[in-house]
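Q: Chains as they are written, first to last, in the working numbering: chain L, 35 to 240; chain Y, 35 to 240.
Among the hints, a few may not be true.
[Stated by the list, open to error] So these bits of chain Y aren't anywhere near chain L, every CB distance computed over 12 Å:
#	residue
1	LYS37
2	GLU64
3	ASP72
4	ILE90
5	LYS108
6	ASP131
7	GLY177
8	LYS185
9	TYR219
[To be verified] Below, a list of computed lysine-lysine pairs in the DSSO-like style, where the Cα atoms sit at most 30 Å apart:
#	chain 1	residue 1	chain 2	residue 2
10	L	LYS224	L	LYS171
11	L	LYS108	Y	LYS39
12	Y	LYS160	L	LYS135
13	L	LYS153	Y	LYS143
14	Y	LYS175	L	LYS108
Since the hints were made in silico from the structure, they are not lab data. Bear in mind that the values here come from a model prediction, so they are computed numbers and not experimental data. Idealized CB from N, CA, C, for every residue including glycine.
There are 2 protein chains.
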Amino acid sequence: MTKYKLTYFNFVALGEPIRFLLSYGGVDFEDNRIEWKDWPEIKPTTPLHQVPILQIDNEVLYQTIPICRYLGAKFNLTGADDFENYKLDNCVQTITDLRMKIEMVAWDKSSPQNFIDEKRAELLNKTIPFYLENLEKIAVKSGSGYLASSKFSWADLYFVPMIEYMNFMMKTNLLEEYENLKKVYENVMKIESIKNYVAKRPTQGN
Amino acid sequence: MTKYKLTYFNFVALGEPIRFLLSYGGVDFEDNRIEWKDWPEIKPTTPLHQVPILQIDNEVLYQTIPICRYLGAKFNLTGADDFENYKLDNCVQTITDLRMKIEMVAWDKSSPQNFIDEKRAELLNKTIPFYLENLEKIAVKSGSGYLASSKFSWADLYFVPMIEYMNFMMKTNLLEEYENLKKVYENVMKIESIKNYVAKRPTQGN
Ligand SMILES: N[C@@H](CCC(=O)N[C@@H](CS)C(=O)NCC(=O)O)C(=O)O
Ligand SMILES: N[C@@H](CCC(=O)N[C@@H](CS)C(=O)NCC(=O)O)C(=O)O
Chain L
35 MTKYKLTYFN FVALGEPIRF LLSYGGVDFE DNRIEWKDWP EIKPTTPLHQ
85 VPILQIDNEV LYQTIPICRY LGAKFNLTGA DDFENYKLDN CVQTITDLRM
135 KIEMVAWDKS SPQNFIDEKR AELLNKTIPF YLENLEKIAV KSGSGYLASS
185 KFSWADLYFV PMIEYMNFMM KTNLLEEYEN LKKVYENVMK IESIKNYVAK
235 RPTQGN
Chain Y
35 MTKYKLTYFN FVALGEPIRF LLSYGGVDFE DNRIEWKDWP EIKPTTPLHQ
85 VPILQIDNEV LYQTIPICRY LGAKFNLTGA DDFENYKLDN CVQTITDLRM
135 KIEMVAWDKS SPQNFIDEKR AELLNKTIPF YLENLEKIAV KSGSGYLASS
185 KFSWADLYFV PMIEYMNFMM KTNLLEEYEN LKKVYENVMK IESIKNYVAK
235 RPTQGN
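Just chain L, same shape as in the assembly:
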């Protein structure tokens, strides 16, 4: 039997879409959640000195989106054709762009507080609505209850934990006003395997 071992910190962020995908795929994976204090020792053993890494038997996979796309292909969660696959990739990249914009403010420990407050306000009033409206329009167009394709896809399993992570960073529910994105979120959270994983995970959306 193929052995899966995911190594990441004990929080959502980049590890969680992989955990969602592995849970959905029904594979029994080792969820290796490392502590900050152990990181200096583990860091140099990883290919880019970063996590997540996913070991599949003797292969070490890294880079979150490539891992997610690979698992998506494995578990039949790709689009119906090349153009639908493009649309999934496009959404995943747009979510990632937004996530990085939020991280730059949320994890900024060196700028003065008034600068950070200003940046936070800009995120809440401008950047986040702009990106989420883009995604909402795509979800409206798909009309499937899923993000960008005619059926459930790996992009949906990427989207939901990233929303959780961004909610955590922004301390608010970002989807409040986006009916179609909310629907995608709910549809994913309704999936039996995801529900089971979420019920027993050690971190709740952070």
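Using the hints provided, position chain Y with the ligands relative to the given structure of chain L.
A: Using the frame of chain L, we list chain Y with the ligands on its own:
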């Protein structure tokens, strides 16, 4: 006949892998190179207020990597199987991570000069060799004269212009010491369609 129109600034950066791919695919594309002075007018007409965008008939595609992967699929430049596709995606992401690290320093207009100099030195002595060694090892392993797969792929057409762009930002030839990456670069530049495009392009590696 399908109409392709690429809109980007008149430089290499994110536009160039798309230009390489379209040139390789042998499609006649409109290479719409916009001037900075016209950007404020064009910006709000694009989906994320950014370029590149690629119009294919009536569809507007955006997000560089998703566009490149889509064109790669169209022009039969994908990997031999899902795992090879993962390896291509992985390299493309790693190149992108490095590119963004370099951009943060190269386009930093607000930090004091000594801070920028320090960051530049760190890039040259630490970050860039670390990332390029990672990619070099992958190229050694592939053994094909191409980046990560047993045959030529879209990741090679992504890699070469990104190296050009990073060379431009760092004002040096980053591949000097990486025999296998240099080989990939040369192999791509030898392709007839790429050679023809490069010979006539208005910008030379910047
Ligand atoms: N491009 C990588 C980024 C990975 C990354 O940023 N990992 C962070 C945690 S989210 C990390 O390992 N930080 C610890 C460190 O760099 O020492 C991916 O998409 O997987
Ligand atoms: N995630 C996007 C990023 C695109 C991007 O950063 N575009 C820059 C040029 S390289 C841009 O449009 N800058 C002008 C602006 O934002 O006003 C992609 O990969 O295509």
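Q: Look at each hint and say if it fits the structure.
A: Each hint, compared with the structure:
The beta carbon of Y/LYS37 is kept farther than 12 Å from every beta carbon of chain L, the shortest such distance being approximately 16 Å. Every Cβ of chain L is farther than 12 Å from the Cβ of Y/GLU64; the closest lies at roughly 20 Å, confirming the non-interface assignment. Against the 12 Å criterion, Y/ASP72 stays outside the reach of chain L, whose nearest CB is about 22 Å from its own CB. Distance check on Y/ILE90: its Cβ comes as close as 9 Å (rounded) to a Cβ of chain L, failing to clear the 12 Å threshold; non-interface status is violated.
Chain L draws Y/LYS108 into its interface by the beta-carbon criterion, the shortest separation being 7 Å against a cut-off of 12 Å. Consistency note on Y/ASP131: stated as away from chain L, yet its beta-carbon is not over 12 Å from all of that chain's, at 8 Å minimum. Residue placement check: Y/GLY177 keeps its beta carbon more than 12 Å from all beta carbons of chain L (closest about 17 Å). Under the 12 Å C-beta cut-off, the non-interface status given to Y/LYS185 relative to chain L holds; the minimum distance is some 19 Å.
Against the 12 Å criterion, Y/TYR219 stays outside the reach of chain L, whose nearest CB is about 21 Å from its own CB. For the suggested pair L/LYS224 and L/LYS171, the alpha carbons sit about 22 Å apart, so the restraint of at most 30 Å is met. Among the hinted pairs, L/LYS108 with Y/LYS39 is inconsistent with the structure: their alpha-carbon atoms are about 34 Å apart, more than 30 Å. Restraint check for Y/LYS160 and L/LYS135: the C-alpha separation of about 25 Å stays at or below 30 Å, so the hint holds.
In summary, the hint linking L/LYS153 to Y/LYS143 is supported, as the alpha carbons are separated by about 18 Å, within the 30 Å threshold. Between the alpha carbons of Y/LYS175 and L/LYS108 the distance comes to roughly 24 Å, so the proposed pair stays at or under 30 Å and holds.
Figure legend: structure checked against the earlier numbered hints; hints not met, in rising order: 4, 5, 6 and 11.
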